[in-house]
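Undergrad: Note that the protein sequences, when read in sequence, are chains U and F. So for the first sequence, this note's numbering puts the first residue at 1; every next one is plus one. So for the second sequence, this note's numbering puts the first residue at 1; every next one is plus one.
These are computed hints drawn from the structure, not numbers from a lab. Please note that the accuracy of each hint is not assured.
Derived DSBU-like pairs: lysine-lysine, alpha-carbon spacing no greater than 35 Å straight-line [what the hints assert, rightly or not]:
hint: 1; chain 1: F; residue 1: Lys125; chain 2: F; residue 2: Lys174
hint: 2; chain 1: U; residue 1: Lys109; chain 2: F; residue 2: Lys83
hint: 3; chain 1: U; residue 1: Lys109; chain 2: F; residue 2: Lys24
hint: 4; chain 1: F; residue 1: Lys246; chain 2: U; residue 2: Lys105
hint: 5; chain 1: F; residue 1: Lys188; chain 2: U; residue 2: Lys105
hint: 6; chain 1: U; residue 1: Lys109; chain 2: F; residue 2: Lys188
hint: 7; chain 1: F; residue 1: Lys137; chain 2: U; residue 2: Lys109
hint: 8; chain 1: U; residue 1: Lys105; chain 2: F; residue 2: Lys204
hint: 9; chain 1: F; residue 1: Lys88; chain 2: U; residue 2: Lys109
hint: 10; chain 1: U; residue 1: Lys105; chain 2: F; residue 2: Lys83
hint: 11; chain 1: F; residue 1: Lys174; chain 2: U; residue 2: Lys109
hint: 12; chain 1: F; residue 1: Lys151; chain 2: U; residue 2: Lys105
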Amino acid sequence: MPDQLLFAMEVTLNGLMAGVMYALVALGFVLIFKASGVFNYAQGVMALFAALTLVGLQDGQVPFSHLINAIFGTELHHFGWHLPAIVAIIGTIAVMVLFAWVVEKLVLKHLINQEPIILFMATIGLAYFLEGFGDMMWGSDIKKLDVGLPQGINGWIDETTLNALGYGFFIDNLDLVATVIAALLVAGLVLFSQYTKQGRALRAVADDHQAALSVGISLRFIWVLVWSIAGFVALVAGIMWGTKSGVQFSLSLIALKALPVLMLGGFTSIPGAIVGGLIIGVGEKLFEFLVGPMVGGATENWFAYVLALVFLVFRPQGLFGEKIIERV
Amino acid sequence: MFDDQESFTTPDGRTIGGVMMEMKNITLRFGGVVAIKDISFDIREGEIRAIIGPNGAGKSSMLNVISGFYNPQEGEVWFHGEKRAPMKPYEVAQQGIARTFQNIALFEGMSVLDNIMTGRLGFMKSGLLSQALWWGKAEREEVKNREAVEKIIDFLEIQNIRKTPVGRLPYGLKKRVELGRALAAEPKLLLLDEPMAGMNVEEKEDMSRFILDVNDEYSTTIALIEHDMGVVMDLSDRVVVMDYGKKIGDGTPDEVRNNQAVIDAYLGVAHD
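Turn these sequences into a full structure, and let the hints steer you where they fit.
TA: Structure (structure tokens):
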């Protein structure tokens, strides 16, 4: 096989893996959008906040240490422990569930029956609040996140392909792990929503609020549940992206990459989020490889958005989204 | 008419018990509009109770008060001899009051089976964790509830569409599925908001038969709103008549039929 083709295959594979990472972020959006019709602008910041909390707990950082030290003149920084990754993850999940509960209590509860745009505005406010809160709680320095996920080139794939094709594929272990975890996550979510009581209630709420109330479903409980699950998904995305590029402010911007994914896949479809992510991932890598050199490179910055724009023109509901027809 | 707690037998041999639900001096306002004005009536155990009246009489508002979608500004709702505090609709549902809607509120994206299963949510007691892991109690519950739902599907003769997404069904069948979902909750009181609106004669006959069977076989108390006078008079044991938010008649179908105020309301005599 010619080298160019092999290289293109490698690019495609890497694109698929990158797509999985995008899909992970997009999933969080889809979950909340499906259940409450709200586009949660804060999803990206939730991923950042989850990653910050995880690192903070793991390293035994004292939350609000700057604030505490400034007020009381103390010199607190660390509790002096180092928690195992799994304990820190469980702790972070607890924090995200608490966050979901607080959001319901302080924000969503008061906005029942409001227009979606009002709720959207509320989530923008929430995003900025959470960003500042995370900063205050854990500090703004760039942190290293290590929960023991393997990183670097996968030697086995490199060797096997080198022997078989005469060209070693470079596949990052972290991307492989992300793929497996994303698959498990999606399978878990689908099973949960199809076969459990809460999943059924969740789908019911997503479909019709009034009918859900009439069969005895508490909307508020479901909202806490949905935001908790979205928090969990944010944590998974935060771990993956945090391990890849460090926990820093720019992590919240991955949400922007999820937008074109959602426009492609449709805002209401879990499989759509996955497929959309993969298409964007592969598309932008291949585009960069094939067209990039002709236009001076850096196409990855804009390719996804242009693709989304094309979709908006020709298929506004996305690949898997529900076509909304308003009857007059 | 009858003693509150005394039961009696109807001409067709069904037993009607004491008062199950009592509405006392209910007044409901939307801003300056009075939808319901000082209405009192009761619903007895095991009966089919109809609320009728011309368009805009406040019938649906009354049903919404009973099911907790509206909270009246004045008046009391008594259920099983206890005064009910203002409640959320889902809390009312959990008390054993199920309902259907005038404009059908089904989960369009879900199958018939899943729709009816949502009516059983109150019977699934296993916790979130057990549900998520599909462990022990959760599985047994699912099986048990599934059996109950299959019985309802048989009862309503909708076996052939059980896996069909509800959005694809014709109107008459949707109404039937909605009844099924309400039945799945095994309600003590079943509220039907115009169960036959928009149906053809054949569908109306089917629906009447189901309503009578539900009342007979499960001894479910039923309160219904209906426009079709013929249907109401055949089905119900007692009828409340409303007009412009006020109660203008209450009694057996025969009594109501001969009530001058009711005749005026339906024939459109000018109001003073």
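Undergrad: Any hints from earlier that this structure breaks? Give me their numbers in increasing order, please.
TA: 4, 8 and 12
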